[in-house]
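So the sequence lines, in the order shown, correspond to chains W and S.
In our numbering, each number is its position in the first sequence, counted from 1, plus 4.
In our numbering, each number is its position in the second sequence, counted from 1, plus 4.
Worth flagging that the hints you see were computed from the coordinates, not collected in a lab.
Predicted model only: the values in this text are computed from it and were never measured.
Check the hints yourself; a few may be wrong.
Which copy is meant is left open, so a pair is good if it fits within one copy or across any two.
The calculated BS3-like cross-link candidates involving lysine-lysine, where the alpha carbons are at most 30 angstroms apart (straight line), are [said to hold, decoys possible]:
no. : residue 1 : residue 2
1   : K122      : K100
2   : K9        : K137
3   : K266      : K217
4   : K54       : K293
5   : K236      : K266
6   : K137      : K122
7   : K293      : K266
8   : K9        : K311
9   : K122      : K203
10  : K33       : K203
11  : K9        : K306
12  : K266      : K203
13  : K203      : K71
14  : K217      : K311
15  : K9        : K54
16  : K293      : K203
17  : K9        : K270
18  : K71       : K306
19  : K217      : K71
Protein chains: 2
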Amino acid sequence: MQTDKQQRIFVTGGAGFVGSNLVDRLIEKHQVVVYDNFSNSDGSNLESVKLHQNFSLIEGNILDPPKLQEAMQDCDLVVHLAANADVRFGTLNPGKDLHNNTTGTFNVLEAMRANNIKRIAFASTGSVYGDAKIIPTPEDHPFPIQTSLYGASKAAGEGLIQAYCAGYGFQAWIFRFVSMLGERYSHGHVLDFCRSLNKNPHELRVLGDGRQKKSYIYVQDSINAIFCAIDKADEQINIFNIGTNEYCEVFDSIAWITEGLKVNPKLLTTGGDRGWVGDSPFIFLDTSKIQALGWQPQYSIKEAILKTVNYLQTHDRQLSTL
Amino acid sequence: MQTDKQQRIFVTGGAGFVGSNLVDRLIEKHQVVVYDNFSNSDGSNLESVKLHQNFSLIEGNILDPPKLQEAMQDCDLVVHLAANADVRFGTLNPGKDLHNNTTGTFNVLEAMRANNIKRIAFASTGSVYGDAKIIPTPEDHPFPIQTSLYGASKAAGEGLIQAYCAGYGFQAWIFRFVSMLGERYSHGHVLDFCRSLNKNPHELRVLGDGRQKKSYIYVQDSINAIFCAIDKADEQINIFNIGTNEYCEVFDSIAWITEGLKVNPKLLTTGGDRGWVGDSPFIFLDTSKIQALGWQPQYSIKEAILKTVNYLQTHDRQLSTL
Numbered sequence: 005m006q007t008d009k010q011q012r013i014f015v016t017g018g019a020g021f022v023g024s025n026l027v028d029r030l031i032e033k034h035q036v037v038v039y040d041n042f043s044n045s046d047g048s049n050l051e052s053v054k055l056h057q058n059f060s061l062i063e064g065n066i067l068d069p070p071k072l073q074e075a076m077q078d079c080d081l082v083v084h085l086a087a088n089a090d091v092r093f094g095t096l097n098p099g100k101d102l103h104n105n106t107t108g109t110f111n112v113l114e115a116m117r118a119n120n121i122k123r124i125a126f127a128s129t130g131s132v133y134g135d136a137k138i139i140p141t142p143e144d145h146p147f148p149i150q151t152s153l154y155g156a157s158k159a160a161g162e163g164l165i166q167a168y169c170a171g172y173g174f175q176a177w178i179f180r181f182v183s184m185l186g187e188r189y190s191h192g193h194v195l196d197f198c199r200s201l202n203k204n205p206h207e208l209r210v211l212g213d214g215r216q217k218k219s220y221i222y223v224q225d226s227i228n229a230i231f232c233a234i235d236k237a238d239e240q241i242n243i244f245n246i247g248t249n250e251y252c253e254v255f256d257s258i259a260w261i262t263e264g265l266k267v268n269p270k271l272l273t274t275g276g277d278r279g280w281v282g283d284s285p286f287i288f289l290d291t292s293k294i295q296a297l298g299w300q301p302q303y304s305i306k307e308a309i310l311k312t313v314n315y316l317q318t319h320d321r322q323l324s325t326l
Numbered sequence: 005m006q007t008d009k010q011q012r013i014f015v016t017g018g019a020g021f022v023g024s025n026l027v028d029r030l031i032e033k034h035q036v037v038v039y040d041n042f043s044n045s046d047g048s049n050l051e052s053v054k055l056h057q058n059f060s061l062i063e064g065n066i067l068d069p070p071k072l073q074e075a076m077q078d079c080d081l082v083v084h085l086a087a088n089a090d091v092r093f094g095t096l097n098p099g100k101d102l103h104n105n106t107t108g109t110f111n112v113l114e115a116m117r118a119n120n121i122k123r124i125a126f127a128s129t130g131s132v133y134g135d136a137k138i139i140p141t142p143e144d145h146p147f148p149i150q151t152s153l154y155g156a157s158k159a160a161g162e163g164l165i166q167a168y169c170a171g172y173g174f175q176a177w178i179f180r181f182v183s184m185l186g187e188r189y190s191h192g193h194v195l196d197f198c199r200s201l202n203k204n205p206h207e208l209r210v211l212g213d214g215r216q217k218k219s220y221i222y223v224q225d226s227i228n229a230i231f232c233a234i235d236k237a238d239e240q241i242n243i244f245n246i247g248t249n250e251y252c253e254v255f256d257s258i259a260w261i262t263e264g265l266k267v268n269p270k271l272l273t274t275g276g277d278r279g280w281v282g283d284s285p286f287i288f289l290d291t292s293k294i295q296a297l298g299w300q301p302q303y304s305i306k307e308a309i310l311k312t313v314n315y316l317q318t319h320d321r322q323l324s325t326l
């Protein structure tokens with residue numbers, strides 16, 4: 005991370021899927037403060053680090069500004085991962101994305117300002133492009149039209165961070181990730197399919213027509229990309245797409261999941277080119293910008309899915325208790 | 005407005021500079037409900053309509069969701085103008101833009117949803133492009149980097165509206181305006197310069213180097229553009245830049261203001277290519293999209309400035325009491 009000097013790194017959402025994997029890798033070199041409200045996790049992801057001398061945990065919500073501000077004291081870098089991370093259920097509770105992802109990001113920025121911390125890494129999403137007109141989609145894609153409350157809330161978070169860079173001299177690394185897979189994966193289609201197939205291995209209900217084209221990336225590859233960008237990109241505002249060099253159809257994904265689970269279900273598609281309101285029929289990001297810094301994904305989508313299925317079989321309560 | 009049939013139109017910020025001019029023109033054909041908290045105006049802008057049978061006024065804040073929802077009952081179209089409209093002071097109170105312009109827009113959308121109203125016109129801003137890379141700037145400019153909290157908050161409002169179109173079947177007209185001038189103008193550089201020259205006609209302090217290139221438009225031309233777009237553009241999401249076919253330097257603007265005031269001050273520039281944090285050194289929008297619908301501005305920037313100076317001389321308390 006930029007220098008070999010030990011830093012004190014504040015990780016919001018550090019107990020979650022991505023956060024805890026990041027913390028595992030930061031902890032040997034850096035002091036790490038995890039700030040998490042355990043809304044998406046139960047603390048088990050932190051078993052591997054909880055006794056480490058470099059580790060501290062503060063249970064708190066990013067929607068609690070005084071607590072957030074106090075917790076952030078003396079940190080050098082904020083990695084802001086805490087979010088409502090599920091794109092699918094936005095329309096059921098439209099305030100959730102706004103509060104957690106936009107207002108929450110504002111609170112993080114204000115806490116940084118109060119503590120004179122100026123460097124932030126932010127987990128944004130490929131969903132900010134809405135239904136991209138250019139595929140693979142570059143970072144300078146035309147001004148997007150949002151198609152989901154999740155994408156809109158993350159795009160708004162990006163905008164706030166950028167305005168803090170202009171207004172208060174912050175420096176930012178913004179990552180537009182495709183969906184991540186791997187150990188500690190906790191929500192999304194692979195989990196849904198595994199649980200469904202666990203209940204009934206003979207049939208699988210597929211939202212949409214199954215031909216939606218999606219990209220996924222292994223979580224460790226994403227973390228490598230975060231490290232690479234913070235090490236090597238030193239503009240005031242650094243924005244990177246993070247994804248693999250391939251995409252797959254939902255049908256491909258199902259084939260790999262069923263291969264991993266050794267089942268052979270009949271597929272029942274609900275039809276239409278979108279699985280849900282705001283679902284994008286084709287997500288595939290142009291990652292040449294981060295690749296120009298020397299980063300490359302090490303795992304294919306198939307490998308990432310098989311690793312995830314393997315993890316879920318041994319760790320997801322609904323699956324592993326059988 | 006789309007049909008000759010009378011509609012019930014809800015105008016947030018309807019007592020303000022732009023809103024009250026819009027209401028004056030809507031009132032003969034339509035029922036108009038103005039919702040305003042009088043934070044930017046004192047009610048005098050509504051003198052011309054307050055006794056009209058088609059007019060009703062509800063004093064309220066867009067940050068008061070229950071009141072907003074109740075006030076909006078039975079309306080057919082929402083014109084959402086209420087905002088923190090001053091781009092300059094964002095960094096002094098960074099929550100103000102977020103609350104008024106992003107959360108406020110969310111509240112408007114939620115009130116619409118509760119009342120089953122699906123059509124919204126929204127006053128956005130050319131500031132959403134940040135420091136535009138392409139000038140004149142088209143609506144599909146590359147994914148912008150925000151340079152002000154104001155621009156970020158309006159871009160976030162746009163994103164929310166777009167997500168409501170995708171998620172709830174709303175239809176939207178989004179207008180990215182350059183700065184407006186004309187009768188009832190209430191804040192901005194023309195007022196600041198007029199007041200300053202009123203105090204001391206011999207000297208004028210100019211933020212920046214005076215060479216910032218800006219676009220302005222006469223408020224009635226903007227209202228014509230709103231009517232034209234709602235009449236003729238029927239996509240689900242309709243986004244239009246609104247501005248004149250020209251730009252001027254701050255020095256040009258000062259020359260016209262001093263011409264209008266008949267003064268000849270010495271100019272003292274503070275230097276630098278920006279007047280303030282987040283100031284854009286060059287704003288000039290490509291308006292070919294709205295022009296293709298038949299709209300054209302009727303007034304030049306010079307004419308708009310002279311009309312504004314004339315209005316301020318007779319209506320601004322600080323100027324007219326001399």
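Evaluated hints:
1. K122 - K100: Close inside one copy (27 angstroms) and across copies (21 angstroms); limit 30 angstroms.
2. K9 - K137: The answer is neither: 43 angstroms in one copy and 37 angstroms across copies each exceed 30 angstroms.
3. K266 - K217: So K266 and K217 pass the 30 angstroms test inside one copy only (24 angstroms; across, 65 angstroms).
4. K54 - K293: neither (36 angstroms within a copy, 58 angstroms between copies)
5. K236 - K266: neither (43 angstroms within a copy, 57 angstroms between copies)
6. K137 - K122: between (34 angstroms within a copy, 26 angstroms between copies)
7. K293 - K266: neither (38 angstroms within a copy, 55 angstroms between copies)
8. K9 - K311: The answer is neither: 33 angstroms in one copy and 61 angstroms across copies each exceed 30 angstroms.
9. K122 - K203: neither (49 angstroms within a copy, 41 angstroms between copies)
10. K33 - K203: This pair counts as neither: shortest intra-copy Cα distance 43 angstroms, inter-copy 61 angstroms.
11. K9 - K306: neither (37 angstroms within a copy, 58 angstroms between copies)
12. K266 - K203: within (14 angstroms within a copy, 84 angstroms between copies)
13. K203 - K71: neither (42 angstroms within a copy, 47 angstroms between copies)
14. K217 - K311: within (20 angstroms within a copy, 55 angstroms between copies)
15. K9 - K54: within (22 angstroms within a copy, 67 angstroms between copies)
16. K293 - K203: Answer is neither: 43 angstroms inside a copy and 54 angstroms across each miss the 30 angstroms cutoff.
17. K9 - K270: Neither: 55 angstroms inside a chain and 54 angstroms across chains, both beyond 30 angstroms.
18. K71 - K306: neither (41 angstroms within a copy, 52 angstroms between copies)
19. K217 - K71: neither (41 angstroms within a copy, 44 angstroms between copies)
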